[in-house]
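Q: Listed below, chain by chain, are the residues.
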Amino acid sequence: MTPATNAARDEAARALGAIVGGQSIDWEHVLHRRSFLELDALARAEALVDDGTIRVLSGPFERLESPWLQPQDITPQSDDGVVIARGTIGGTAVVIASIEQEFQGGGIGEVSGAKITQALRLAAASSRQGIPVPAVLLLETGGVRLQEANLGLNAVAEICSALLELRALAPVIGVVAGSVGSFGGVSIATGLCTHVIITPEGRIGLNGAAVIEQEAGAEEFDSSDRSLIWAVVGGEQRRLTGLADTLVVDDAAELRDAVREAVAAGPASPGSHRSERLDVLDARLATLDPANPPEPRQLREMWGDTYGTPPAKPAAPPASSGAEPRPGVVHSRSSMQPSGRGRTWITALASGTTPRPVIGSVLRADTDGTTYLAVVPDPHNPFYRARQGQVGLTECAALARQFREIAVDDAHRAERRAIVAVVDLPSQAYGRIEEMAGLHQAIAAAVDATEAARVAGHPIVALVVGQALSGGFLAHGLQASQILALDDPGVVIHAMHRQAAAHITLRTVAQLDELGKTIPPLSYDIRVWATLGFCDSLLNVGSAESPTHDDVQTVAQAISGAVARARSGPADLSNRLESADARKNRKASRAVRDTLSRQWNKHSGQ
Amino acid sequence: MRTLHYQFPASRNPARRAHVGVVGSGDLEVLVEPGTTDGCGGAAAHAQVRVRTSVEGFDEVWQATLERFFARTPVLGNWELNDAGATPALVTLRMEQAAEATGSGDTPDSEEAS
Chain X
1 MTPATNAARD EAARALGAIV GGQSIDWEHV LHRRSFLELD ALARAEALVD
51 DGTIRVLSGP FERLESPWLQ PQDITPQSDD GVVIARGTIG GTAVVIASIE
101 QEFQGGGIGE VSGAKITQAL RLAAASSRQG IPVPAVLLLE TGGVRLQEAN
151 LGLNAVAEIC SALLELRALA PVIGVVAGSV GSFGGVSIAT GLCTHVIITP
201 EGRIGLNGAA VIEQEAGAEE FDSSDRSLIW AVVGGEQRRL TGLADTLVVD
251 DAAELRDAVR EAVAAGPASP GSHRSERLDV LDARLATLDP ANPPEPRQLR
301 EMWGDTYGTP PAKPAAPPAS SGAEPRPGVV HSRSSMQPSG RGRTWITALA
351 SGTTPRPVIG SVLRADTDGT TYLAVVPDPH NPFYRARQGQ VGLTECAALA
401 RQFREIAVDD AHRAERRAIV AVVDLPSQAY GRIEEMAGLH QAIAAAVDAT
451 EAARVAGHPI VALVVGQALS GGFLAHGLQA SQILALDDPG VVIHAMHRQA
501 AAHITLRTVA QLDELGKTIP PLSYDIRVWA TLGFCDSLLN VGSAESPTHD
551 DVQTVAQAIS GAVARARSGP ADLSNRLESA DARKNRKASR AVRDTLSRQW
601 NKHSGQ
Chain D
1001 MRTLHYQFPA SRNPARRAHV GVVGSGDLEV LVEPGTTDGC GGAAAHAQVR
1051 VRTSVEGFDE VWQATLERFF ARTPVLGNWE LNDAGATPAL VTLRMEQAAE
1101 ATGSGDTPDS EEAS
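Going line by line, the protein sequences match chains X and D.
The first sequence begins at 1 in my numbering and counts up one residue at a time.
The second sequence begins at 1001 in my numbering and counts up one residue at a time.
Any given hint might turn out to be false.
Per the computed footprint, the stretches of chain X lying under chain D, defined by three or more beta-carbons under 8 Å from a beta-carbon of chain D, are [what the hints assert, rightly or not]:
#: 1; stretch: 69 to 76
#: 2; stretch: 106 to 116
FRET-style restraints, in silico, Cβ to Cβ [to be verified]:
#: 3; chain 1: D; residue 1: A1071; chain 2: X; residue 2: E28; range: 44 to 54 Å
#: 4; chain 1: X; residue 1: R9; chain 2: D; residue 2: G1085; range: 53 to 63 Å
#: 5; chain 1: X; residue 1: S224; chain 2: D; residue 2: L1093; range: 29 to 39 Å
#: 6; chain 1: X; residue 1: E28; chain 2: D; residue 2: L1093; range: 51 to 61 Å
#: 7; chain 1: X; residue 1: P382; chain 2: D; residue 2: L1093; range: 55 to 65 Å
#: 8; chain 1: D; residue 1: A1089; chain 2: X; residue 2: L31; range: 25 to 35 Å
#: 9; chain 1: D; residue 1: A1089; chain 2: X; residue 2: R33; range: 52 to 62 Å
#: 10; chain 1: X; residue 1: D222; chain 2: D; residue 2: E1060; range: 43 to 53 Å
#: 11; chain 1: D; residue 1: G1057; chain 2: X; residue 2: G457; range: 57 to 67 Å
Examples of chain X residues lying across from chain D (beta carbon under 10 Å, computed) [to be verified]:
#: 12; residue: E38
#: 13; residue: R63
#: 14; residue: E65
#: 15; residue: G81
#: 16; residue: E100
#: 17; residue: F103
#: 18; residue: E201
#: 19; residue: G271
Everything labelled a hint here was simulated from the structure, so no lab data went into it.
All residues carry an ideal CB built from backbone N, CA and C; glycine is no exception.
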């Protein structure tokens, strides 16, 4: 055989899990592989910890099931589809959160989300007391469970915050073994991990192909094209573009070794996490021309397989001469209408100063002691899937940069300035280029920067003046210490647009609205959202669309109040479980918190 | 979703509680916990079963499937079945797995480990 065919043979053998050394291939190893993919959530957790050390917390007999499914005629699962377990890996005490992908597609609901959050927070508390407890997250999920929409969305924000709290003290290892993959809000958490382990069957992406096709058409993303999907979000691609750290075959022993190594490596140094490397993010985005995007394979060359080195400035992708620009660039389909509310409110609140564009779609206004940030529509956005005000790649990079800069600027001031996220976001950007480039990673950068500013002592207030949907709100707003919203029918906070949510949950829009009347997390009504426990104030204004002087005064006063509360309140998001509304509508989250705390240090089951 | 309650004559005490399965499409989870009294202080003579199923209109199939199971495997206790459209064969299989995991027939004082 020629060297070339040898190389091809060796590569194929490795892909099957054979050990290739010199001229010989150890096929025996392939025959002895034990599939990890075929294991359920508990068995996956068991496969990773040292034999005999697993102890399940808040297990099925605690019956911490979702309170929201049975009223929707959906059979609940006794552990709500997340296994939390303690054990040791290579002798180190760890906590594992393993998502059961067979139950509700691994969707994160109130209880399953709270379990992950509390496990991370307890690990952080132990770590602070001198016993670092690394976390291993087995992430197989479509993201937020739409049947628990707003509670799921908030749960993802809390998971991200708790993950970041632990990540500074002990490694948080994300494992995406397949087959659901890590999607939706949970992909953002994946982008925050210290170390990401993936198999070729694993996928990481913000928006699934089907959702992109539904929103933008098959010319944007053909969801029936399996090879395209894997080329864009598959494990090998993610590893070879530096969005994952370790690629292993589907073998329990190999995954165990990879996790053991990541646990032993300990926490990464501050500033080195992917979600902190804004230099790399900016440099990578600078190599992309949305009018003439690279093929997924070209990205491996352009970006390299580590996230540590910013790629050199383009190297514009080899344009086939005379090629038409992608059809979407000129006329990309979108169901979203650009709204002027973000621009209107940031301009009004900036009183006197004119907000300046950080980029065309991100506005910043600085007044005495307060900085306002808004994502706004930009019809000339080169990333054409973000022209209606969606949060896309460059919006996240710009937001993250602002939060980081503000935190640095104020590092030596007596009082750190308040940051107000003015929120009117139709959603995150749904696009193929976005997924290829890793929108989840860009949002992770924004989330990380926001949380870092909050923890550093900046009061962060979200002011929702229009739509606050899904990944858009996760990127800009949901990490705030205080959330304010205008009491106006045009203000909508949700995990997904009505139409799309109806489509995915196999309901009609009318059925969805009817359910929202009795199941608060499902409601599209802002007044119902305000009862979930994380609304700090609902503000009455005469006009949300064209605010009067009085309206602006009302909101400005509410912001001052929120800033004062944020300064005296906790730096984390724990207050979202303490409000009077949370005590009523987030009872299940509180029960999870209490049960897990109680069981954390027990040495045997009860 | 439908919630069904049954009881069946049973005699064997489970030594420990057991949990098997997942509420995934075409599957179910089964929880069994020892419950050794009849509620009035006497020894229980019946297994209590609660079924929650996403599929409506199969009450008689459940009745028949469970009756046959308990005739062969008369394990006492509180049984909870959370079902997402499993076939009768799979229901029986999961219940057998659960019954085995309870160690019914073992000495009652061998304590659970989980």
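Q: Check each numbered hint against the structure and report the violated ones by number, ascending.
A: 2, 4, 6, 9, 12, 18 and 19
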